[in-house]
Amino acid sequence: MAAAAETSSDRTLRNAFGGVLSFFILLLIGVLAFSIRLFSVIKYESVIHEFDPYFNYRVTQFLTKNGIYDFWNWFDDRTWYPLGRVIGGTVYPGLTLTAGTLWRILNSLNIPLSVETVCVFTAPIFSAFASWATYLLTKEVKGAGAGLTAAVLLAMVPSYISRSVAGSYDNEAVAIFALIITFYLYIKTLNTGSLFYATLNAIAYFYMVCSWGGYTFIINLIPMHVLLCIVTGRYSSRLYIAYAPLVVLGTLLASLVPVVGFNAVLTSEHFASFLVFIIIHVVALVYYIKGILSAKMFKVAVTLVVSIGLLVCCAVIAVLIALVASSPTMGWSGRSLSLLDPTYASKYIPIIASVSEHQPPTWPSYFMDINVLAFLVPAGIIACFLPLSDASSFAVLYIVTSVYFSGVMVRLMLVFAPAACIMSGIALSQAFDVFTRSIKFQLPGILGKSEFDAGDTSSSSVVAENDAAKPDKSEEKLKERPSRKNKKKEKELVEKASVEKTSTKSKIEKRLLVLPLEASVIALLLLVFLGAFYVVHCVWAAAEAYSAPSIVLTSHSHDGLHVFDDFREAYAWLRHNTEVDDKVASWWDYGYQTTAMANRTVIVDNNTWNNTHIATVGTAMSSPEKAAWEIFNSLDVKYVLVVFGGLVGYPSDDINKFLWMVRIGGGVFPHIKEPDYLRDGQYRIDSQATPTMLNCLMYKLSYYRFVDVDGKGFDRVRRTEIGKKYIKLTHFEEVFTTHHWMVRIYKLKPPRNRIRGKTKKSKTKTSATSSPRKSVATKKNPWH
Amino acid sequence: MVKLCVLIAAVSLLPILCLSFSPENPTDRRVLVLLDDLSLKSSHSIFFNSIKSRGFDVDFKLADDPKLSLQRYGQYLYDALILFSPSIDRFGGSLDLAGVLDFVDSGHDLILAADESASDLIRNIATECGVDFDEDSSAIVIDHKSYAVSETEGDHTLIVSGDFIQSDVILGSTKVEAPVLYKGIAHSVNAANSLVLKVLSASPSAYSANPSSKLSNPPLHSGSAISLVSVVQARNNARITITGSLDMFSNRLLRSGVQKAGDSNKYSKSGNEQFVTELSRWVFHERGHLKAVNLRHHKVGETDEPAIYRINDDLEFSVEIYEWSGKSWEPYVANDVQVQFYMMSPYVLKTLSTDQKGLYHTSFKVPDVYGVFQFKVEYQRLGYTGLSLSKQIPVRPFRHNEYERFIPTAFPYYGASFTTMAGFFIFSIVYLYNK
Amino acid sequence: MARSTSKDAQALFHSLRSAYVATPSSLKIIDLYVGFAVFTAIIQVVYMAFVGSFPFNSFLSGVLSCVGTAVLAVCLRIQVNKENKEFKDLPPERAFADFVLCNLVLHLVIMNFLG
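Protein chains in written order, with my numbering: chain B, 1192 to 1975; chain G, 33 to 467; chain P, 47 to 161.
This is chain B alone, in the form it adopts within the complex:
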């Protein structure tokens, strides 16, 4: 008894110690997640990256300046001219509202951070929150040890870093946190059956709907899991409590967000949840009646109901199918359809197909983005089956679906990353359990001590895995600063685990695996090494691969670092040298940046909601000068902006994207045909290019005066000399070219004051008088 009392107080002390330790570890994990994302701020500057974040930044600026009501109703007349864009109804407000609230709180505490700073650092802060949420989620699935491991893995996984570096102010920064929290609350409700957590779950789901269009993943995954539980006979009333309020409250909350609106009940993406809602009610009713009636009566009831119910069901389903099939896309949106059928977008919607984030990932990108976790995931899946609980079945379902979707679109690797981290965390912590338990068990034998607790068995829920032990060479991720954390983790596990070699001890029923001491020591060391490799890879990926703000480019040459700041140079020129109301036309990639940094009205931008408008711009870029001038003039455009990388070798310039312009333009205006721009099916810009290609506006605007640079016009990206070297512009005039020729701005010439007659100018007299006026193609008459 004394021993028991001693063990119980020991146990509470150990639990308390473990709790404090976990708290500090979590704090350090948060700091780690935050700091690993700061490379871009250190290497470049605190600036917003890429394209989409600029739009979010501009919206946040508007919000902080004008308040939430004006933001909610904002009609933006400076983009998609002349159609305008209703920002309030087409933007997911979660990110903006979060950053705005942060800024407001900080300002009210008299910490005067600028909006830009808050926007830049929102993503690292929320990635810290996301790793804490992963800890909570995995703790529900498997236990605290697995939780800590998974949290650390998520803090460093390169796939998540790529979308949440400091400066990447995009929806995913907040959405991944919302995703994990929603899953955590769902699992918590499932485990406890408490309506309180169900309410919190609905609110977290609401936050997710506000933040990202990927919320449809949640609203399809959870019903799938519920269905799985029902089908595998794991129905319980906790399942009902977890699911039914979520559907009702969740749908209602989702309809509140203007972007979603009635789509929450009308589109096919949500039908699964309603279907399973009905199914779970049927199942609940069946179980209830089964509970009330005797077995015989129940059988009678079943036959009766089945025969009648089947008829009714068929009728209802037939009606539903007719309704759904009547719409051409069967109620699915284009993006969702392209997820289900990866070839759909390239056949029907070239805009979706042209976004580089929507391409399927290559095999190496898996290894780049999740590194060693790719090998740990299968081990984790197996660990989830021993034993299978509701929570672990959910985790398995999550990872299987996210693997499929990540294979369709590289952008969705981001959804796969948390699942991979959870699985790997589970596998890792199990393996660690086995090894440390083996060591702990065998250590007393060697050292002559014999202390092991019987009472601790109930606190551990460790089950041995034969398979997990085998891949001891498998890459195990360790927390960084391996020295400190490693010792802490080991100690904690050692305290939590208890070892009983023989099964003669009465309380324990589990099979415990104990390996030989030397093997486990070596395995532990190997795991530590491989964890170090993971850390090194993650830090390298964060520093080198994912920290580049694409607005500023650098290159290393023999005389040091060379910085290309051409984009900002061009936008600053536009901002200072054009009228406030001037319209700038460019390809849609640069729309957000132009409105945010140059503060000028643009014709099309990255939102790509109006395909016809984009096709108009694409047609203009693919047409000869006069036709392009007509199109741009009808849109009141004053300036045209093209990006050209031929001088410095920047590969994402407009000439490389030109075929997409042709395709998208040709999709709406049939006189633009892609084969006209290809020679023998090949896209060329050298002397073998087709005349249509050499005369189109994009070609002329990109290569105008390019031959003056080196005399030959050698394009460093396409690695050939250009085809037409001496270009005369009749309807456009060049107004600005940046330092490295990366951005070139042209102005539309106003129509000529006088229309010239038909007689050819006589050579004798006027050549003498007109030659002093050496100018580039101003005196030519274009109008006939």
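Take these hints with a grain of salt, some might be off.
What the hints assert, rightly or not - Simulated pairs of lysine to any residue, SDA-like, Cα-Cα distance not exceeding 20 Å: (1) B/Lys1829 to G/Ser420; (2) B/Lys1864 to B/Thr1883; (3) B/Lys1490 to P/Ala57; (4) B/Lys1829 to G/Lys423.
As the list claims (entries may be wrong) - One-sided excerpt, in silico: chain G residues whose CB lies under 8 Å from chain P: (5) Arg437; (6) Thr441; (7) Ala442; (8) Pro444; (9) Tyr445; (10) Ser449; (11) Thr452; (12) Met453; (13) Phe456; (14) Phe459; (15) Ser460.
What the hints assert, rightly or not - Here's a subset of chain P near chain B, in silico, CB distances under 8 Å, partners left out: (16) Ala65; (17) Leu106; (18) Val117; (19) Ile124; (20) Val155; (21) Phe159.
Quick caveat, the hints were computed from the structure, so don't treat them as lab data.
Just so it is clear, CB atoms sit at the ideal spot from N, CA and C, and this is done for glycine as well.
Use these hints to put chains G and P onto chain B, whose structure you have.
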């Protein structure tokens, strides 16, 4: 280079605007006349005197005067140019083809007269303005049916024409009774050119050929396609008159009587004087010059111009249009001025009603489409300066609290929600206190 | 065949009835409330079928408020039912408090969405 010239032109515009040719006072004041030889001063004195009597400063210079220049230190010295020097090959001083064209492009007027000795320079100036003289340098207009009966000339090169353009603005309200005498070269005008108008066309029996040699090929220019006097109104409202007969302005033809061959009517005075005087009035902006000011719009019931409209708003639009009478701005009265509410295509097109004092106004409802619209007033009438005004205004959709509320058909739903809430309240009381 | 099924049906109803009468009254109150809510929802759907779906947001909020509160009441019933082994450590006050909280959130959202 181009930018520099545009800059100079723009800079030169500014001070000139204050002095003479200003939007407030569009009539030209200083006229430069370039002559081949100074005898033209006397042989065309009626025409020049009529100009001087209207208050213009007329400056005569020889076309090859070495001190010739249109501008000094970036400012134009004259407001209008009369080129009565058909045979000049090269202008003196700093003037050349491009200089003349820049002069026109900066908003100044030009009268150009050629004759059979027209040089390439003059022909090129005309071509740049949209008028093509006959390329055969020895061809002049001959008409064997519509020639003037005269004692001195028998080769039917002095022709008569009464085929005027129908425009009170260009030719004045009084109809020119007597036909106009013409002796010179032909030019043609491209029908697709929207800026050029034929003011005086030749009769259908005219043709352009060398009178002293035999015709070997059919003449290129013939019939009514031959234009004798053309005017060009450029996009910046500079006015140009081009004709192939310098003699048309001469005292001899101005004073002489006219009788068309085969026609019994004998007019004691040809229509030349009235014709060229009215034409010069039009060219120098004494007639037909419009300005539109004060384009205003506001919501019905307010007076300030809002920065943004909402769909289905009611708004009022007004603009004032004045016409220059030669001395002052008079209200312009017309019933065909229209305003468009335009976004890639006109959503609303309304004719403005006038109050006879130059104010044009209308009111309409903003369409049910949101976007960035423009108020567009496009007014191009024959002989008048073109008006092209536009003002951009965005139109927003409803705010979240501007939709209709308390819709009657939805009362059952309101009722249901409230009864549910009441039911919940009652239920919780009953449940809690149930024993 | 029909007779046997009808006799079976009658026997079924009897056994259902007798089983149901045995439930405690608090649960019956909850069942009554659920029935009332579902009935209101059905009325609204029928009304919508006649009148058309404008304004859709009011319709949705009306129907979902009824369905939502019915679902929450069912959850409460599950938690309070003494025959449920899983919830024997859950104090009924806590269950009721959760129920009230969830309903508050639901009705707040309904008020916002009603129009």
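Structure-based check of each hint:
1. B/Lys1829 to G/Ser420: Holds, at about 17 Å.
2. B/Lys1864 to B/Thr1883: 10 Å, holds
3. B/Lys1490 to P/Ala57: Given that 20 Å is the threshold and the Cα spacing comes to 12 Å, the pair holds.
4. B/Lys1829 to G/Lys423: The hint holds at about 16 Å.
5. Arg437: 6 Å, holds
6. Thr441: Result: holds, 6 Å to nearest chain P Cβ.
7. Ala442: Since the shortest Cβ distance to chain P is 4 Å, the answer is holds.
8. Pro444: 5 Å, holds
9. Tyr445: 3 Å, holds
10. Ser449: Result: holds, 5 Å to nearest chain P Cβ.
11. Thr452: 5 Å, holds
12. Met453: Because about 5 Å separates G/Met453 from the closest Cβ in chain P, which is inside the 8 Å limit, the hint holds.
13. Phe456: This hint holds: G/Phe456 lies near chain P, its Cβ roughly 6 Å from the closest one there, short of 8 Å.
14. Phe459: At 5 Å from the nearest chain P Cβ, G/Phe459 passes the 8 Å test, so the hint holds.
15. Ser460: At about 7 Å, which falls below the 8 Å cut-off, the nearest Cβ of chain P leaves the hint on G/Ser460 intact, so it holds.
16. Ala65: Given a least distance of 4 Å, the restraint on P/Ala65 holds.
17. Leu106: 6 Å, holds
18. Val117: 5 Å, holds
19. Ile124: 4 Å, holds
20. Val155: 5 Å, holds
21. Phe159: 6 Å, holds
When the structure is compared with the earlier hints, no violation turns up for any of them.
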